[in-house]
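K.L.:
As a plain string of letters, each chain reads:
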Amino acid sequence: MADGSLLERLKQIAGSEHVVTHERQLATYESDGLLQYAAKPLAVVLPGSAEEVVAVVRACHEAETPWVARGAGSGLSGGALPVEEGVLIALSRLRRILEVDVPNGRVLVEPGVTNIAVSQAVGPTHFFPPDPSSQIVCTIGGNVAENSGGAHCFKYGFTTNYVTGLEVVLPDGTEVTLGGPELDQPGYDLVGAFVGSEGTLGIATRIWLRVIPKPEAVRTLVAFFDSTVHAGEVVSKIVSEGIVPGAIEMMDNLSIRAAEGATNAGYPIDAGAALVVELDGSEAECETRFEHVKELCRDADSVRVAQDEAERELIWRARKAAFAAMGRIAPNYYVQDSVIPRTRLAEVLATIEELAAAHELQVANVFHAGDGNLHPLVCYDAAKPGEAERAEELAGLIVQACVDAGGSITGEHGVGVDKKRYMPSMFDEPDLATFQRLRCAFDPDGRANPGKVMPTPRLCGEVPGPYRRHPLEQAGVAERF
Amino acid sequence: MHVAEAPATREELCSALTAAGEAATPVRFRGGGTKLGWPPAAPPSTIELSTAGLTRIVEHNAGDLTAVLEAGVPLAEAQALFEKAGQRLALDPPDRGATIGGVVASGDTGPLRGRYGGPRDLVVGMRVALSDGTLAKSGGKVIKNVAGYDIAKLFGGSFGTLGAIVEVSVRLHPIAPHTATVLGEARDPDGLARGAAAIGQSPLEHHGIDVAWAGGQGRVLARFAGASPRPQAEAAERLMAAEGLGTEIVEDDEPLWDEQRAAQRGPLVVKVSSLPTRLPVLLRTADALGGSVAGRAALGLSWVRFEEPSAEAVERLRRDFITVVQDRPADLDVDPIGPIDPATRALMQRVKERFDPAGVCV
Chain F
567 MADGSLLERL KQIAGSEHVV THERQLATYE SDGLLQYAAK PLAVVLPGSA
617 EEVVAVVRAC HEAETPWVAR GAGSGLSGGA LPVEEGVLIA LSRLRRILEV
667 DVPNGRVLVE PGVTNIAVSQ AVGPTHFFPP DPSSQIVCTI GGNVAENSGG
717 AHCFKYGFTT NYVTGLEVVL PDGTEVTLGG PELDQPGYDL VGAFVGSEGT
767 LGIATRIWLR VIPKPEAVRT LVAFFDSTVH AGEVVSKIVS EGIVPGAIEM
817 MDNLSIRAAE GATNAGYPID AGAALVVELD GSEAECETRF EHVKELCRDA
867 DSVRVAQDEA ERELIWRARK AAFAAMGRIA PNYYVQDSVI PRTRLAEVLA
917 TIEELAAAHE LQVANVFHAG DGNLHPLVCY DAAKPGEAER AEELAGLIVQ
967 ACVDAGGSIT GEHGVGVDKK RYMPSMFDEP DLATFQRLRC AFDPDGRANP
1017 GKVMPTPRLC GEVPGPYRRH PLEQAGVAER F
Chain E
213 MHVAEAPATR EELCSALTAA GEAATPVRFR GGGTKLGWPP AAPPSTIELS
263 TAGLTRIVEH NAGDLTAVLE AGVPLAEAQA LFEKAGQRLA LDPPDRGATI
313 GGVVASGDTG PLRGRYGGPR DLVVGMRVAL SDGTLAKSGG KVIKNVAGYD
363 IAKLFGGSFG TLGAIVEVSV RLHPIAPHTA TVLGEARDPD GLARGAAAIG
413 QSPLEHHGID VAWAGGQGRV LARFAGASPR PQAEAAERLM AAEGLGTEIV
463 EDDEPLWDEQ RAAQRGPLVV KVSSLPTRLP VLLRTADALG GSVAGRAALG
513 LSWVRFEEPS AEAVERLRRD FITVVQDRPA DLDVDPIGPI DPATRALMQR
563 VKERFDPAGV CV
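From first to last, the protein sequence lines are chains F and E.
Take the first sequence: its letters are residues 567 to 1047, numbered as in this note's numbering.
Take the second sequence: its letters are residues 213 to 574, numbered as in this note's numbering.
Since the hints were derived computationally from the structure, they do not count as laboratory data.
Be aware that one or more of the hints could be misleading.
Label pairs and their in silico Cβ distance ranges [to be verified]: (1) E/492 - F/876: 41 to 47 Å; (2) F/1023 - E/543: 49 to 55 Å; (3) F/994 - E/502: 53 to 59 Å; (4) F/630 - E/297: 52 to 58 Å; (5) F/865 - E/224: 47 to 53 Å; (6) E/502 - F/630: 54 to 60 Å; (7) F/994 - E/217: 27 to 33 Å; (8) F/835 - E/269: 42 to 48 Å; (9) F/571 - E/543: 55 to 61 Å; (10) F/602 - E/553: 37 to 43 Å.
Quick list of in silico lysine to any residue cross-link-like pairs, SDA-like style, CA-CA up to 20 Å [what the hints assert, rightly or not]: (11) F/860 - E/440; (12) F/721 - E/327; (13) F/606 - F/583; (14) E/296 - F/807; (15) F/803 - E/296; (16) F/803 - E/389; (17) E/564 - F/1025; (18) E/564 - F/752; (19) F/780 - E/415; (20) E/564 - F/998; (21) E/564 - F/753; (22) F/721 - E/415.
We put the beta carbon where it would ideally sit given N, CA and C, even for glycine.
Next comes chain E alone, as it looks inside the complex (with noise of 0.2 Å):
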C-alpha cells in the first residue's frame, strides 16, 4: 500500500481523495493505524491517506459539555483536555494510540459503553469529505438537533467505506468523582449469566456489567459511579451473593477495567452480537473451541478471543451467532464481515455508489 503525505487541512484532504477518485485509485483512511488489519485486504495499488494532520481540537465548550475535534485527533489527548474540567468523552476502547476519527469509523467502544452508548450515541456532527470532491456537515454541536438526516450515524462504523470523516462534534459527560466496582466470580455459565442478569435486571444504575471468562471460570464485573457508589456496590454484591456467586468489592478499580479492555484485543478477536440470556450458549461454545471472552453483559456484546487463530473457530460461532471478525492474522481465510440479508446488502450499496460514486473508498 502506498502511503500519501498526511493533509494538513480537511480541503487537503479532500482534495487528495477527489484526485484518487478521478484517478480511480482505491483509498484507504488510517488514523491511529491501531485496527488497520480490520477490514478486508485492500487491493495492491491502494492509498493510504492519513488524518495525522488534522489534530486541531477546534472546540471544548465545557458549559455546554460538548466539544469540536478533527478527526486526527489521538482521544488520549482529548481526554486529557477534557479531564481538566472534570469532564469526558464517554469512550473507553482498549487503543491508546487511536484517534477519534479512528475510533468512530471502526465503532469501537469499551465499557463505558454499557452507560453512555458508544460512537453512534454521543456524536452530535459530523464532517466528511467524499470521493468526488464534496466537503459537506452533518448534524450539529448541540446535544439535542434533528435537522436533516443523520449522516454521522451512516458513517460510524462505516470504515470509510463511504468517504471520509474529517471532523466530530460530541457529546462530553462529566465524570464521576467515585466508583467502585463489584466481583462475582462464577464456575459455570449459567451461574455467571444469571449474577449478571440479576444486576442488569435491578434498578440499581450501574456505569457497565461485564464478564470475563475462560477455561470454564469467570467473573462479573459491576462498576457503579457517582457521589457515593459504595451503597449501590453493596446491593449488587448481595443480589450476586444470592445467585451464589463469591463476590468481592473493589474501589481502587481502574485496573479490572483495563484488563477488560486489553481482552478484547488478541491474535484472533471475533466480535458476537447477541442478547444477554445466550449468555451461557456463548460460553459453553468459546470453552469448546478454546477461546476465552470479554462481555458487556447488559448489552449482549462479546469478544471471544483466541490464542491461537483458525478459520474453523469463525465457522463455528457464526453457525450460532451474529459475528465480525476484528483482529486476526492477516493471512487467515475468513470474511470479516458475517452474512448480511441480501435485499438489505443491495441497499447498503446503493448506499455506497450514492456517497463513493467514484468507487474508491474501500
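Next up, chain F with everything else stripped away, as it sits in the complex (with noise of 0.2 Å):
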C-alpha cells in the first residue's frame, strides 16, 4: 500500500509543488461535477508531461496503490471521484496541442487540452464536432474517457467516432500506441474499446482526433408547443421526413421557466415545450430543408427564426443554461442521463410525470430529442427530511422506465460510480463478466479508477468467465445442479 516512500517519489517525479496532500487543497479535488459523491485521496499529483504521466503510474503500480485519472472535474456521473487509499493523477497540465494538421483533418493534443480549444486550434475552416454543454472547460481526455456526445452529436456522432488513436499508459506503467492518425490500422480495434472506458483501461497521455470542415450555412429556429407530446409529434415528423438536424432540442415548461429566468432570451414562460432546431450544412440544401421544417411546425404555437449568429446564440443561451439555471426551481436537483427510443418519448414522459406527482417532486425535463437521451432533473430541497432520499428514488424509478422501454441508463454522461446500480437494469451476468474481461486485459490488479462502471468489485483470475463444464459432467457421470 502506499506510504511516505510512494509520495516521496511521486515528488521526485513531479516536483513537490505538483503534489497535494493538505487536507484543505485536496478537498478541490474530492468530487468532479456531481457533487453528490466525496472522497479525499492520499495525494493529488499534477504531472507536467506525458513521461511524468507514466512515471506516475509505474511508481503507483510498484506500490500496490490505485488510482483514478481526472481532467477538468466536469463529469456527471462521478467517474473522476477520487478512491481514498489511492492517488488522483490530475492531468490539467497536460494541455499541449502538438500538432494541426488541416489538410488531413488530424489534431494531436495532449488529455489535458479542453474541448473548444481543439475547435479554436482548427477555426474557422474545420471544428470538433463532440460538444458537450460543458466544452469551454472539459477536456479531451475526459470526452475519451466518457465518449462524451453534446447537442450536435445526432448529426455528428460522438467522441469515439472522432478519436483515430491513442498513446496510453496501461496500468502497470507499459506504454502502448494504439491506432494513430490513419484509420483502420491492423489488428484490434482497441482505441473502439478504450474510449469510453471511463478510465478504467490506462491513461491517454496523446490523443489523434479528427476534425472536419464547418459546414457553409447554419439556420435556428426555436418552436413553442402547448405539450412536449405536441412538440415530440413534430421531432418525428422531422425525422421520418429524412431530414437530419445539426442539432433538435427540446424543454419542457419547468426547464424554460428556470431557464427563460436566467437568461432573457425571450422564451414564453407559459410554453407547455420549446424545440430548438439546427440545420447545418450547405446553404441550398440547408435552405431547403428549413423551409420544409417550418413547415412541419406550422401548428406551433409560435416559431422564431434566428435572423443572425446573436440570435442564434441567444436561443442556444437558454438551452444550455438549463441545467445551471434550476436553482430557480429548487436547491438541489439530481440529473439523469437517460435514453429512450425516440418513438416511446410521449410515453415515457407521461410516466414520468405520474411518478413525480406521486412522489410530490417535481421533474423538469431538457433533452437531446434527435437521439432520445433526456435529461431528467429532479428537483428537491436537500434541506427538507426525507426529501434527497425520494428524490434519488424517483431518480432510480425514472431511469427503470427508460430501461423498459428499451433505452438505456445514460447516454453521454458515464455509468461512473452514480449509475453502476443500475447497470443490472440492463445487463445480466454474462455481459457484465464479457465487460470484466476486457478490463482484465488492460487492469489485471484492477488499480485504474476501482469501483466504477461495474456494480460489484470483481477481480481478475487466471481463467476467466463463467462455469466450464467437469469432466465427469462431460463424460455423463455427475450432473450440476
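Quick one: dock chain against chain with the hints and give me the complex.
P.N.:
In C-alpha cells:
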C-alpha cells in the first residue's frame, strides 16, 4: 500500500509543488461535477508531461496503490471521484496541442486540452464536432474517457467517431500506441474499446482527433408548443421526412421557466415545450430543408427564426443554461441521462409525470430529442427531511422506466459511480462478466479507477469466464444442479 | 476444413462453439463466404461454423431508425426491407452475398463510409458467443448509449478471433431522394489529389469522395445527395475545374459507384491506411508496381489491386504504408496483417486470451 515512500517518489517525479497532500487543498479534488459524492485521496499529483504520467502510474503500480485520472472534473457521473486509499492523477497540466494538420483533418493533443480549444485551433474552416455543454472547460482526456456527446451528435456522432489514435499508459506503466492518425490499422480496434471506458483501462497521454470542415450554412429556429407530446410529434415528423438536423433539442415548461429567468432569451414562460431545431450544411440544401422544417412546425403556438448569429446564440443560451438555472426551481437537483427510443417519448414522459406526482416532487425535462437522450432533472430540497432520499428513489424509477422502454441508463454522462447500481437493469451477469474480461486484459490488478462502472467489485482470475463443465459431467457421470 | 451443420439459434451456435472449445478444435466462422480468403490460413483440423441458420431480422424500428439483425442475415436482404421505409443501413461493401455478421467481423466498407462511417460507427449493440459457453450482449438498441464497455468495437474487424458475433443492433439512415456525382479527370497524381482535396477541404457536404487510378491517369468522383444536390455538385465542379481537372456531372450515378466497389476486389488487393495528403505518393507507387487504385480520398483509405499477384508488390507497399492484404491467391506467401508494434500486439494477445480462453477461434 501507499506510504511515505510513494509520496516521496511522486514528488521526485512531478516536483513537490505538484503533489497535493494538505487536507484543505485536497478538498478541491474530492468531487467531480457530481457533488453528491466526495472522497479525499491520499494525494493528488499533477504531472507535467506524458513521461511524468508514465512514471507516476509505474510508481503506483510498484506501490500497489490504486489511482484515478481526472481531467477538468466536470463529469456528471462521479467518474473522477477519488479513491480514499489511492492517488488522484490530475492531467490539467498536459494541455499542449502538439500538431495541427488541417489538410489531413487531424489534431494531436494532450489529454488536458479543452474541447473548445480543438475547434479554436482548426477554425474558422474546420471544427471538432463533439460539443458537450461543458465544452469550455471539459478536457479531451475526459471526453475520451466518457465518450462524450453533446447537442450536435445526432448528426455528427460522438467522441468515439472522432478519435483515430491514442498513446496510452497501461496500469502497469507500459506504454502502448493504439491506432494513429490513419484509420483502420491492423489488429483489434483497441481505440474503440478504450474510448468510453471511463478511465478504467489506462490513461491516454496523446490523442489523435479527426476534425472536419465547418458547414457553410446554419439555420436555427425555436418553436413553442402547448405540450411536450405535441413537440415530440413534430420531432418524429422531421426525422421521418429524412431530415437530419445538426441539433434538435427540447425543453419542457419547468425548464423554460428556469432558463428564461436566468437568461432573458425571450422564451414565453407559459409555453408547454420549446423545440430548438438547427440545420447545417450547404447553403442550398439547408434552405430547402429549413423551409420544410418550418412547414412541419406550422401548428406550433409560435416560431422564432434566428435572423443572425447573435439571435442564434440567444436561442442556444437558454438551452445551455437549463441545468445551471434549476437553482431557481429548487435548491438541489439530481440529473439523469437516460436514453429512450425516440418513438416512446410521449409514453415515457407521461410515466415520468406520474412518478413525479406520486413522489410529490417536480421534474424538469431537457433533452436531445433527436436521439432520445433525456436529461430529467429531479428537483428537491436537501434541507427538507427525507426529500433527498425521495428524489433519489424517483430518479431510479425514471431510469428503470427508460430501460423498460428499450433504452439505456446513460447516453453521454457515463456510468461512473452514480449509475453503476443501475447496470444490472440493462446487463445480465454474463454481460458484466464479459465487460470484465476487457478490463482484466488491460488492468489485471484492478488499479485503474476501481469501484467505477461495474455494479459490484470484481477480481481478475487467471481463467476468465463463467462455469466450465467438469470432466465428470462431460462423461455423464455427474450433473450440476 | 470440416463444415459443421449450421446452427439454427444463437444458443445452438454457442453450444457448438463450446464443444469445440472443450475439444480444443479450432473454429472459423462463416457468413456469406465472400471473404474467407482474407485471414491467415486455418489449421487443417479447423471446423467451419456457419451463421447461415441465424437469419432473423429481429426488429426494424422504422420510427427510431434502428434495427436488430441476426448475424447470418444477408446485408442485401436487410437493405431491401429497410428501403421500403426509405431507409438503409449505410454500409455498402462490394459483395452482394455478404452477411451483416461477416461485414462487421471483417470491418469491410464501401464508398458510403465517407459520409456515414463504417461498421464501428453504425453498430450500436452486439451479442456475442464465446468459446467457454458465454452468450453476452453489449450496447443496446438506441443510437446514443455509453453504458458498459464497447465490446462491439472490439469484435468489429476481429474476423471472429475473439468469438462469434451472433446478433447486431444497428443505426439506420434515411435514403436521400436525389444524388449527383461530379467526375474530375486528371493525368497526374498531384492534380488528382488536389482535385479531391479541394472538395474534401471545402464546406460542401459530400457523400463520399473517391478516386480511381490506373496506368498514369484517373478521376475523382465526388457524390452529393439530398433534396437538391445539384447546386453542391456544381460548386464542386467549379472547385475541381479550378485545379485543372476535366469535369462532368452525372446524375444517374449508381453504376459509377458500383465500379468503385468492384475495384476493391481482385486477384490481389492490398488495403492501404494512409492520410489524404499522401495520395500522390501512393498513386506513383502503384503505377511503378503495375497496380490500380480505388480510394476514399478524404479518409486516406485505398485499395490497390494487382492483376498479377506478387509478394514483392505487397512488401514494396509495406515499406511506405500501413497495409493489410485482402483478396489474394491462397499460395501467395505474404502475412496478410501488416506489422504491429510489439507492446500493442502483446496487449491484443491478452485481449484474445481473455475472450477466447480455449484459444480455438482462429
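K.L.:
Against each hint, give a clear statement of whether it holds in the structure.
P.N.:
Taking the hints in turn, this is what the structure says about them:
Residue 492 of chain E and residue 876 of chain F have their C-beta atoms about 44 Å apart, which keeps the hinted 41 to 47 Å range intact. Separated by about 52 Å at the C-beta atoms, residue 1023 of chain F and residue 543 of chain E satisfy the suggested range of 49 to 55 Å. For residue 994 of chain F paired with residue 502 of chain E, a C-beta distance near 54 Å keeps the hint of 53 to 59 Å intact. Hint check: residue 630 of chain F to residue 297 of chain E, Cβ distance near 56 Å, so the stated range 52 to 58 Å holds.
The hinted window of 47 to 53 Å between residue 865 of chain F and residue 224 of chain E holds, with their beta carbons roughly 52 Å apart. Separation of residue 502 of chain E from residue 630 of chain F is about 58 Å and conforms to the stated range, judged on CB atoms against 54 to 60 Å. Taking the beta carbon of each, residue 994 of chain F and residue 217 of chain E are about 28 Å apart, inside 27 to 33 Å as hinted. About 47 Å separates the C-beta atoms of residue 835 of chain F and residue 269 of chain E, a value consistent with the hinted range of 42 to 48 Å.
Range check, residue 571 of chain F to residue 543 of chain E: Cβ separation about 60 Å, and the 55 to 61 Å hint holds. For residue 602 of chain F and residue 553 of chain E, the hinted distance range of 37 to 43 Å is satisfied, since their beta carbons lie about 42 Å from each other. Pair hint residue 860 of chain F plus residue 440 of chain E holds up; C-alpha atoms about 17 Å apart against a cutoff of 20 Å. Our distance criterion of 20 Å between C-alpha atoms is met by residue 721 of chain F and residue 327 of chain E, whose separation comes to about 11 Å.
A threshold of 20 Å between alpha carbons decides the hint, and for residue 606 of chain F with residue 583 of chain F the separation of about 19 Å falls inside it, so the pair holds. With a CA separation close to 14 Å, the supplied pair residue 296 of chain E and residue 807 of chain F stays within the 20 Å bound. For the proposed pair residue 803 of chain F and residue 296 of chain E, the alpha carbon gap of about 17 Å is at most 20 Å, so the pair holds. For the hint linking residue 803 of chain F to residue 389 of chain E, the alpha-carbon distance of about 17 Å falls within 20 Å, and the restraint holds.
This hinted pair checks out: residue 564 of chain E and residue 1025 of chain F have alpha carbons roughly 18 Å apart, not beyond 20 Å. A hinted pair counts as satisfied when its Cα atoms are at most 20 Å apart, and residue 564 of chain E with residue 752 of chain F qualifies at roughly 15 Å. With a C-alpha separation of about 6 Å, the suggested pair residue 780 of chain F and residue 415 of chain E falls inside the 20 Å cut-off, and the hint holds. Proximity of residue 564 of chain E to residue 998 of chain F is assessed by CA-CA distance (about 17 Å); at most 20 Å being required, the pair is judged to hold.
This hinted pair checks out: residue 564 of chain E and residue 753 of chain F have alpha carbons roughly 11 Å apart, not beyond 20 Å. Taking the CA atoms of residue 721 of chain F and residue 415 of chain E, the gap is about 16 Å. The hint holds against a cut of 20 Å.
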